[in-house]
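Quick mapping for you: the protein sequence lines, in order, are chains A and B.
Quick note: the first sequence, position 67, residue 198 per the working numbering, numbers continuous.
Quick note: the second sequence, position 212, residue 343 per the working numbering, numbers continuous.
No lab work stands behind these hints: they were computed from the structure.
Check each hint, because a few of them may be wrong.
For chains that are exact copies, the list does not tell them apart, and a pair is met inside one copy or across any two.
Pairs of lysine-lysine, BS3-like flavour, derived with a Cα cap of 30 Å [to be verified]:
{"id": "1", "residue 1": "K497", "residue 2": "K312"}
{"id": "2", "residue 1": "K263", "residue 2": "K243"}
{"id": "3", "residue 1": "K243", "residue 2": "K133"}
{"id": "4", "residue 1": "K284", "residue 2": "K243"}
{"id": "5", "residue 1": "K453", "residue 2": "K263"}
{"id": "6", "residue 1": "K312", "residue 2": "K263"}
{"id": "7", "residue 1": "K243", "residue 2": "K353"}
{"id": "8", "residue 1": "K353", "residue 2": "K203"}
{"id": "9", "residue 1": "K422", "residue 2": "K203"}
{"id": "10", "residue 1": "K201", "residue 2": "K353"}
{"id": "11", "residue 1": "K312", "residue 2": "K203"}
{"id": "12", "residue 1": "K422", "residue 2": "K172"}
{"id": "13", "residue 1": "K152", "residue 2": "K284"}
The residues making up each chain are set out below.
There are 2 protein chains.
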Amino acid sequence: MKKFFDVILARNELKAEVFLKELEGKKPLFVCTIATTETAKIQGISAAGKYPEFTDYTPPADAELLLLGKCKCIAGVPVTPDGIPTPALITMSALRLADIPVLVASGGLKVKPQIPFLDLGGSPGRDIRTGKAVDNVEEVIQRASLAGEHLAKTADYLVIGESIPGGTTTALGVLSAMGVKAEGKVSSSMPENPHGLKTETVRSGLAAAGLAFGGLANNPVKAVACLGDPMMPAFAGLVIGAAQQVPVLMAGGTQMTAVLAVINALNPDVLCNVAIGTTRWVIRDGSSDLKGIVDQIADVPVLAADIDFASSRFGGLRAYEKGIVKEGVGAGGSAIAAMAKTGGAVNKEILLREIERNYALLMGVK
Amino acid sequence: MKKFFDVILARNELKAEVFLKELEGKKPLFVCTIATTETAKIQGISAAGKYPEFTDYTPPADAELLLLGKCKCIAGVPVTPDGIPTPALITMSALRLADIPVLVASGGLKVKPQIPFLDLGGSPGRDIRTGKAVDNVEEVIQRASLAGEHLAKTADYLVIGESIPGGTTTALGVLSAMGVKAEGKVSSSMPENPHGLKTETVRSGLAAAGLAFGGLANNPVKAVACLGDPMMPAFAGLVIGAAQQVPVLMAGGTQMTAVLAVINALNPDVLCNVAIGTTRWVIRDGSSDLKGIVDQIADVPVLAADIDFASSRFGGLRAYEKGIVKEGVGAGGSAIAAMAKTGGAVNKEILLREIERNYALLMGVK
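Could you build all of it, start to finish, from the sequences and the hints given here?
Below is the structure:
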């Protein structure tokens, strides 16, 4: 696939290249949308917390890492059960290298971060197997859209990321409710993608809500309310509000497709100003199919930061090459933005060096 | 006094002119810092709510007005006991005329606004007569400072306003604790400034905290904790974080002097990048003395929007000329910013016309 900076033009090359070139030298604002859902606590569904209960702490800890360079609500940083650190490490390194400002927005949290955050009026999400996953969806979309309108006036473009454990399962939930075939296609932070468990979870949720596959194709608000998570209305609203004025890079993996489906159903016009920005690990992942999901929704370009940890001196980073973690906290999108803002001066080598420096500091190794 | 645009250079003319000229054509971000204090409910102390209990709703309602063009948490708009509308009407008109983005930041609220707002970790304030007025002051200053650092990267300069009923009494409290002579000098939203009641309230608070006048000259954090309000740590932190990088216009009347005293004690270096922006009504007010308080603290310039409602066709606006309301919600500073951003295209006449248009819409008159 074609590259520009150290960015792979992964889908709709032509639009992707135009989109990326437009960002060169421009000043973005990075918004990190965080939320929690009880869905993450289903045994075996997420690696974004060492134990299921820890998933409540992962999003606020990620947000703290971005703003403070360290976590406050937990000791150390969020890690997978194998001790592989959060992708927020990549995001933080990219944003700092390129001096990109950060705003944290909450869609609904069990544990609040000990940093400034934008409250969008949402609540923590329930287990999607209840069929009643998220409260107040329409109101949060409206508030987030208002925030997006104002934030769009403060930057040349927005990069919006997310941190929510369990988010690929809720993504599958919303996509299924909206009639997008995504079973076996959503990504995972674990090397063994538990597709069966995700599918079973979503089917329970659909049944509990009295829904069939595609039953809410034209009702994205209800799809999120029944089978989604509280990151989604916050994220979708921000995009809708901002992309009317400036380009928006949706920074994430397959979770972005659920948000894309929601935006496409609510306000498709803004999508001409939108691209998905992810990592090489998501693009080359054999156990998921980001492009295959996007194809069913809207013709938006997909960019992927060509970051490669194979040569890292740290096992905890080389593990990313084995398909662990892959993406999250806008890692890919923030890397793309850092490269674009600096006109390529930040490249994959410089980024890896900075990530290793921060890894050593935060993981207490040399 | 000298003018530039429709702005009066009210103190330190030379610096004021340089500061103002630097803003010409630049793109600001307006931050509205809102909070509540039980102090506002002392009978006769504030006009920022028709009844004392309403003061809990004034700040969120003001914030909603700025972002939505109407209030959600109350019917209509906040008014004084005489039915004179909130100065947020001026702010909203100025910001919309000049297309200036708004961010609302909460220092601690009883009632949350139904719009996106930045949570800075604070709590509503207690009656200062307890001598224990505000919790968590240091932490809120730190969080706000972090927010200010990031926001400074998104704008050419910041304009920061406030909405907190009872705020001139808490200002007198902090100034007194810090040894600044302000008795009889703080402003009021009422035509008859209740200086005696404010002084008595502050003296009760000092006694309850076991403090003498000036006893906390070098401890601004404790001065706010004992006798201040939750707007102050949020506001001071934002200024400290932002003014290290960009100019900051502190938009308000005599309340700004308490925040100025706090900043001056914590981080005086940033004050070279700071000015106070207020209204003509504060500057010419015979019952208060903004400049006399500033003189005791730091040599910052004071600018005043030369807005004049004498010719308005609405009695509710002409009342401003009798000394009712005078300032609040960053009315003066936002008017100055609107004039500066548009290079004077927004002037006092155009602003009054827009304010009258919004007055008619919101007050349901013609």
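These are the hints, each one checked on the structure:
1. K497 x K312: neither (45 Å within a copy, 56 Å between copies)
2. K263 x K243: both (23 Å within a copy, 25 Å between copies)
3. K243 x K133: So K243 and K133 fail the 30 Å test inside a copy (41 Å) and across (49 Å) alike.
4. K284 x K243: Classified as both; 27 Å inside a copy, 25 Å across copies.
5. K453 x K263: The answer is neither: 35 Å in one copy and 56 Å across copies each exceed 30 Å.
6. K312 x K263: Within one copy, since 21 Å is at most 30 Å while 59 Å is not.
7. K243 x K353: both (26 Å within a copy, 26 Å between copies)
8. K353 x K203: Between. Shortest inter-copy distance 24 Å satisfies the 30 Å Cα cut-off; intra-copy 35 Å does not.
9. K422 x K203: Classified as neither: same-chain Cα gap 37 Å, cross-chain 42 Å, threshold 30 Å.
10. K201 x K353: between (37 Å within a copy, 27 Å between copies)
11. K312 x K203: For K312 and K203, neither the intra-copy (40 Å) nor the inter-copy (40 Å) Cα distance is at most 30 Å.
12. K422 x K172: Answer is within; shortest intra-copy Cα gap is 28 Å, inter-copy 59 Å.
13. K152 x K284: both (20 Å within a copy, 22 Å between copies)
Of the numbered hints stated above, those contradicted by the structure are hints 1, 3, 5, 9 and 11, listed in ascending order.
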